[in-house]
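Those protein sequence lines, which keep their order, are chains A and B. Going letter by letter, the first sequence gives residues 1 to 294 in my numbering. Going letter by letter, the second sequence gives residues 1001 to 1099 in my numbering.
Do not rely on the hints blindly, as some may be mistaken.
Unchecked claim - Sample of chain B residues at the chain A side, in silico, Cβ under 8 angstroms:
1. 1014
2. 1020
3. 1034
4. 1036
5. 1042
In case anyone wonders, no lab produced these hints; they're calculated from the structure. What you are looking at is a predicted structure, and each value in this text was computed from that prediction instead of being measured. Every residue, glycine too, gets a C-beta built ideally from N, C-alpha and C.
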Amino acid sequence: MTDHKLILDAGPFKVGVRTVDSAFAKTLDFFYRDALSSDAMQVLDYDISIAPPRNLRRWIRPQMLFGIDGAVPFEPHPVENAFPMFEWGLNWCIATSAHRYLMLHAGTVAFGDRAMILPGTPGSGKSTLSAALHLRGARLLSDEFGLVRPEKGDLLPMPRGIPLKNTSIEAILEFDPAAALGPTYPKTRKGRVRHLRPDAQSLLAQHEPAVPRWLVFPKYQAGSGEILQPLDKAEAFRQLAFNCFNYQLMGETSFRAAVQIVRSADCYTFTFSRLDRAVEQLSALADPGGEGGR
Amino acid sequence: MSVSGSGELWYRDAPRYLQETFDGVHAIFDPATGETHFLAELPALILTAVDNHPVTAEALLDRLMGSDDAGRAMDQQVSATLQFLAAAELVESTPSAAI
Chain A
1 MTDHKLILDA
11 GPFKVGVRTV
21 DSAFAKTLDF
31 FYRDALSSDA
41 MQVLDYDISI
51 APPRNLRRWI
61 RPQMLFGIDG
71 AVPFEPHPVE
81 NAFPMFEWGL
91 NWCIATSAHR
101 YLMLHAGTVA
111 FGDRAMILPG
121 TPGSGKSTLS
131 AALHLRGARL
141 LSDEFGLVRP
151 EKGDLLPMPR
161 GIPLKNTSIE
171 AILEFDPAAA
181 LGPTYPKTRK
191 GRVRHLRPDA
201 QSLLAQHEPA
211 VPRWLVFPKY
221 QAGSGEILQP
231 LDKAEAFRQL
241 AFNCFNYQLM
251 GETSFRAAVQ
261 IVRSADCYTF
271 TFSRLDRAVE
281 QLSALADPGG
291 EGGR
Chain B
1001 MSVSGSGELW
1011 YRDAPRYLQE
1021 TFDGVHAIFD
1031 PATGETHFLA
1041 ELPALILTAV
1051 DNHPVTAEAL
1061 LDRLMGSDDA
1071 GRAMDQQVSA
1081 TLQFLAAAEL
1091 VESTPSAAI
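Excised from the complex, chain A in its bound form (with noise of 0.2 angstroms):
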C-alpha cells in the first residue's frame, strides 16, 4: 500500500493531501496534476488526510475518513466517493477558517483580468453556468467561492474540479462534448455527481488576481429563454450581502468591500434556460472590441 503525500496548490492556499488509496490519488492527478507537488518543505495552510477507519470499514463496505489536522470532523464517505468528499471537505475547511477574505458564494471567472462575478444559491445553475463558460474559453476562478481580498478589492483565483450535479452533467455534455470530466459517483449526498476538470492554463493563472467587473445574478428556468437585466445598485449589494458566507463576521470590512465591488462593477440579473445562449450573451459583455455591457 502506497503512501502518497501530496501538496495541492490551490490558489492562495496550500494543501497537504495524505493518502492510501491509489484510486483517490489518481483522480487528483486527473484533475491537478499542473498544480501538484510532492515538496514536504512547504509551509501548509491545510493538512488533510483521506484515509480508512481504524474499525471493520476499512475491509467490509469499505470507507474513507476526511481528516483536518489531526480531527475528524465528519461521518465517512464510501471509498470510490473519497475525490468528491475530499472536495467538499476542503470547501469547508476554507469556509470555517479563510476570512481572511471576503467570501462570496459565487461562481468566479474572468475574461483576462476582468472578473465576472456570479453569485447565487444551490440550484440557481451559478456552477453550470460558471463550467460552459470556462469551456468556452473564460479563465475559471472558482465555482463556489469568490475570494475578495478585501484590502484591494480584487478576486483571488482557486480553480477546481467543478462538480456537476445530476441533470447537469448531460447540459455540459450536450454543451460541449469534449468536455473534459472525471468519475461518476452516482451515489453521493448530492446526488449524482461528476466533476469538470479546470484547464491548464486557469491552473497555471491561478496566482493572477482578476478585477470585478461585472456582477451577474443567474437564475435558471427552464423554458424561460435568457433574459438580462439591470440591477440596481441598492438591491445588488443587499443580494451580494446575502450571497456572502461571512458577510456578518466580517462586519465594517465586508461593508466597504461589497460597496466597492457594486461600484466598479454593470450589475445584473440573468434568467436563462439553455446553455448556448446564455454563454453567449454573457461573453459579449466582455466583448474584447468595446467595453461591453456599459
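Since the structure of chain A is provided, determine the placement of chain B on it from the hints.
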C-alpha cells in the same frame, strides 16, 4: 399641535455608522450591532439629524419640515420613522427633561 412621542429625547449613543447611497437608497452599516440596514430618504435624514445632536420629535419636525401646515402633517410619519429606527437599534430615546 403636539407630536406623538414628543415627550422623549431621541439620540444615538454609538460609534459613527458608515453610509453609502445608491440611487436614493442608503446602505447603513452600524458598527455597534454589526447590522447593515437599507433606508429610504426620510429615515436616513432623521438618522443623520439625531446622530448630530439629541433632539425631540417636535424639534426634529421643525428642523426637517418647517412650521407650516404641510410640515406639521408629517408628524405621524416622523414619529413612525423614529420608532422604526429605534426597533433597528440605530437610535434610542429617553424621557425629555424639557417636558
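**Item:** Residue hint residue 1034 (chain B), partner chain A, criterion CB-CB below 8 angstroms
**Value:** Holds. Min distance 5 angstroms.
**Message:** Does residue 1042 (chain B) hold up as a contact with chain A if the rule is Cβ-Cβ below 8 angstroms?
**Reply:** This interface hint is violated because 16 angstroms lies over the 8 angstroms limit.
**Message:** Less than 8 angstroms between beta-carbons is the criterion; does residue 1020 (chain B) satisfy it with respect to chain A?
**Reply:** holds (5 angstroms)
**Item:** Proposed interface contact between residue 1014 (chain B) and chain A, which counts if any beta carbon pair is under 8 angstroms
**Value:** violated (13 angstroms)
**Asked** Can the hint on residue 1036 (chain B) be confirmed by a CB-to-CB distance to chain A that is less than 8 angstroms?
**Response** holds (6 angstroms)
The structure is inconsistent with the numbered hints 1 and 5, although it conforms to all the rest.
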